[in-house]
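Visitor: Produce the complete structure using the sequences and hints provided.
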Amino acid sequence: MQTTLKKITQLTVIVFFSSLILSGCAPRRVYYPYPQTPTRYERNRVPTQEQRKEEGIERRKTGPSIRREQEEQLLPTQPTGRGPAYTLYRDAGRAMGKGKYDRAEMLLNRALRIEPRNGWYWHAMGRAKFAGGAYEQAIQFCLKSNNLAGNDQELKRSNQALLQRAYGKIRSHKR
Amino acid sequence: MKKRKTTRKKRKTRKKNNQKRRIPFFNLGMVALALILAGLILASYITYLDTEIRNRFNGKRWSLPAVVYARPLELFPGLTFTPGMLERELQLAGYRKENRVTASGGYSRHGATFDIFTRDFHYSSGLEKSKHFIVSFSGDTIRELNATAGSHAPISLVRIDPARIGSFHPQDNEDRIVLTRTDLPSLLVKTLISVEDRRFYSHIGISPIGILRALYADVKAGSTVQGGSTLTQQLVKNLFLTRARTLRRKINEAVMAILLERHYSKNEILTAYANEIFLGQDGNRAIHGFGLASQFYFRRNIKDLTPDQIAILVGMVKGPSYYDPRRHPKNCLRRRKVVLDVMLADGLINKSTYTQAVSTPLIQSGAVQSGFNRFPAFLDLVRRRLQQHYKEEDLTSNGLKILTTLDPQVQWQVEKQLDDGIATLERIHHRSHIEGAVVVTNRENADILALAGGREALNSGFNRALDAKRSMGSLIKPAIYLAALTHGYTLTSPLEDTAVSVPVKSGHPWRPQNFDRREHGSVPLYLALAHSYNLATVHLGLAIGLKTAIQAARDLGLPGTFKAYPSFLLGAASPSPLDVAQMYQTLATGGFYVPERAIDSVLSADNKVIKRYGLSVQQRFPPEAVYLLNCALQHVVREGTARALSSYLPAPYQVAGKTGTSDDLRDSWFAGFTGDKLAVVWLGRDDNKPTRMTGATGAMVIWGRIMRELHPQSLDLIPPPGIEWAYQDGERLPYFTGDLSTKQSSESQHSDSPEIQKSFHDLFQSVRNLFHR
Chain P
1 MQTTLKKITQ
11 LTVIVFFSSL
21 ILSGCAPRRV
31 YYPYPQTPTR
41 YERNRVPTQE
51 QRKEEGIERR
61 KTGPSIRREQ
71 EEQLLPTQPT
81 GRGPAYTLYR
91 DAGRAMGKGK
101 YDRAEMLLNR
111 ALRIEPRNGW
121 YWHAMGRAKF
131 AGGAYEQAIQ
141 FCLKSNNLAG
151 NDQELKRSNQ
161 ALLQRAYGKI
171 RSHKR
Chain H
1001 MKKRKTTRKK
1011 RKTRKKNNQK
1021 RRIPFFNLGM
1031 VALALILAGL
1041 ILASYITYLD
1051 TEIRNRFNGK
1061 RWSLPAVVYA
1071 RPLELFPGLT
1081 FTPGMLEREL
1091 QLAGYRKENR
1101 VTASGGYSRH
1111 GATFDIFTRD
1121 FHYSSGLEKS
1131 KHFIVSFSGD
1141 TIRELNATAG
1151 SHAPISLVRI
1161 DPARIGSFHP
1171 QDNEDRIVLT
1181 RTDLPSLLVK
1191 TLISVEDRRF
1201 YSHIGISPIG
1211 ILRALYADVK
1221 AGSTVQGGST
1231 LTQQLVKNLF
1241 LTRARTLRRK
1251 INEAVMAILL
1261 ERHYSKNEIL
1271 TAYANEIFLG
1281 QDGNRAIHGF
1291 GLASQFYFRR
1301 NIKDLTPDQI
1311 AILVGMVKGP
1321 SYYDPRRHPK
1331 NCLRRRKVVL
1341 DVMLADGLIN
1351 KSTYTQAVST
1361 PLIQSGAVQS
1371 GFNRFPAFLD
1381 LVRRRLQQHY
1391 KEEDLTSNGL
1401 KILTTLDPQV
1411 QWQVEKQLDD
1421 GIATLERIHH
1431 RSHIEGAVVV
1441 TNRENADILA
1451 LAGGREALNS
1461 GFNRALDAKR
1471 SMGSLIKPAI
1481 YLAALTHGYT
1491 LTSPLEDTAV
1501 SVPVKSGHPW
1511 RPQNFDRREH
1521 GSVPLYLALA
1531 HSYNLATVHL
1541 GLAIGLKTAI
1551 QAARDLGLPG
1561 TFKAYPSFLL
1571 GAASPSPLDV
1581 AQMYQTLATG
1591 GFYVPERAID
1601 SVLSADNKVI
1611 KRYGLSVQQR
1621 FPPEAVYLLN
1631 CALQHVVREG
1641 TARALSSYLP
1651 APYQVAGKTG
1661 TSDDLRDSWF
1671 AGFTGDKLAV
1681 VWLGRDDNKP
1691 TRMTGATGAM
1701 VIWGRIMREL
1711 HPQSLDLIPP
1721 PGIEWAYQDG
1731 ERLPYFTGDL
1741 STKQSSESQH
1751 SDSPEIQKSF
1761 HDLFQSVRNL
1771 FHR
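As they're listed, the protein sequences go chains P and H.
Position 165 of the first sequence, counted from 1, bears residue number 165 in the numbering used here, the numbering being contiguous throughout.
Position 24 of the second sequence, counted from 1, bears residue number 1024 in the numbering used here, the numbering being contiguous throughout.
It is possible that some hints are incorrect.
Below, a list of computed lysine-lysine pairs in the DSS-like style, where the Cα atoms sit at most 25 Å apart [as the list claims (entries may be wrong)]:
(1) LYS1547/H with LYS98/P
(2) LYS98/P with LYS1129/H
(3) LYS1129/H with LYS100/P
(4) LYS1547/H with LYS1563/H
(5) LYS98/P with LYS1608/H
Don't read these hints as lab results, they were simulated from the structure.
Guide: So, in structure tokens, the structure goes:
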């Protein structure tokens, strides 16, 4: 009995510490801070109401207004959390929704100065290039984004999808 | 007798009449002709003066030098940035330090909190209006940003308008901030007219009454209080920039003033005057116009000038040197009072404003770190890049705005460490006349952050970063090794570091040697690179072929044509430091060629985007091969020729780099990158004599000193798909998938790292042990 109890206790301790280790071993999200200096910016920050207003994040809507918003934002929501240049990324998405690809590129250029190793921003630049008809460059930006993707499978899938579309466009132009 | 007298008398009369008839000079026709001729000559002369003054007026009106700006400073919570860095940046950008900030272009500091009111600025993306916000620091990090208005909402990202770092001006070294008529404050215009030319709006260019009035006022005051020349005459004098005060010049000026008034309106003349008037000297830069003067003397936009500051500037018109507030404050204050008296007498200011202005002390702006061509080496690069697309007159006359990538924080560190570092090295190695060049770029997007063309930062002479073509020595080796890795070699492929003799067409065979004059036998590829073995490199280069090696260097971005000589393998090529930086940039980006940029965009004088230098990338090497090479470059620093770098950037930074030394130690190089920055340093003597320094004892020291001060990020290389790991002689090394033979332990790059696997293994072992006791 005592031996059994002892084993159960030991097992419980092992399971407890294993869970701690496992949580620490979860796939690391990769953050790419400011180019010049290391940062300790907030991760997965939940904006307060004032911050929502300041960032222009509106309350949840329903119906046609959601669809319109989704149409306006042609860039995928970054699942990797929001870095300091996120507002620029979001604004670039809106610019693309309005067909202002040059403006989207300028915003992403600025975003990449702040977070130069954020694979999503390189991917977004690829989208802007694609939308502007620069398919060769769209391919290159996707390849660059893949180079920074690490274990981010969603980013890799997005890059793959855009690559296929870009190659398709080039092939169809060659015919 | 009578007959003779009569004849004589007749002869006299006849003679007199004849004389009258024979003197044509006094004939009316001749006089008229003479007058016409004189008139024609005068008219031609006046036409000539007319053409001159119009050409000069129009030429000056449209002559706007291109202005160059640094990068805008981006601020956000979590950014590592010290209060000292921020203050220095604000001062470079010409911000006023105040107790209370009420107007744009000002800041105040209370300990670790800044109150900043930015200025409107036209970026390539459009006008960004000024913002007023508070920056709060916590140690060396920005803790938060808050708006000053309303509920002090937190701000996630804000940028400060960029500092003006120089301009491209015509050869006469003038500089100005050009204003339109509406830019001129009403008080400034009225004061100017009251003091210098009361009858400006009514005279025809010259004013005899004005001259007399000025004389009367001067006599009454006992000193010169009013000028006799009109503003128009002064403008003419400024346009010709001559000090000759001859009568002829004065007459010419008067005539040209009248002619100017005939062609241009009062407002146009007044505006040109406000932009042209000479108001001081800053080194070899002439300060022209109230726009630039208000920035230079008071760090203010002209519309933010206070009445006492307006009085100082208007007072300086009479004598910019004599009334210079920096050099002759007493004269300046005396003159200021005179002008303020006139302002009060003419009702331009009330009594209380007058009292306050008179009692305002002269605030010294201190040693103004003028942004004018403060970074000549970088500006030189910008100018050369622009000259590929623009003519000289476009750069000096059309008022272009050049937004660049220069980071003043990085540039300051580069300048300081290069100068101090060389001084130290000269002492240690008992050498003198050592010069250097540094290039620092953003690791991923290839923005050129800093450029040093020599030890003396302010010297605009020989730009070694762009023009010093020196043998690159072992810096070429990564190109050869990369070529090998893309042609089937692995990091552990054995190379023969043994004597080699290469026949050459002319003369004796080429027999290179290692630095230590020894042979090391069979060595793994990565160690041959880490220790920079020459013999192994030559064997490798010859095995893969010279053309392949040269092509790899060119694909990396090394410009120029290279002859297929074996000496290429040991760095006979002579690129500039900037060229070397471009080559290593492709390695730092993971095999993507990203052209290095010094310019972000070019805007016209009316803020329209003329050209944007966008980001472009091109994958030139398989990412796996570049990953392997970069790992090898980390070994250079970990255990190879650059191991002494750890005293500046310890092991956790995982720097990748390469030392380079040319024959007889004439050139000392280091190229390397951290997680966020790439830098290349060259040291040498201009007379090409030996420096007594290798890459590790010379350039690498400077590199380490610079990077240490730039808050570097560690270099975490991301293994691409197609990389597997294996242990070889106790060293864990990456390989192409498929290149691995059976190993003791091998891991897929998709699974967890070996340390965690080991932990699980141990954990499961202990669980097993628990149940088997």
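Visitor: Now tell me if each hint is right for this structure.
Guide: Evaluated hints:
1. LYS1547/H with LYS98/P: violated, 49 Å
2. LYS98/P with LYS1129/H: holds, 23 Å
3. LYS1129/H with LYS100/P: holds, 21 Å
4. LYS1547/H with LYS1563/H: With Cα atoms ~9 Å apart, LYS1547/H and LYS1563/H stay inside 25 Å; holds.
5. LYS98/P with LYS1608/H: Roughly 21 Å separates the two Cα atoms, so the pair holds.
Consistency note: the structure conflicts with earlier hint 1 alone.
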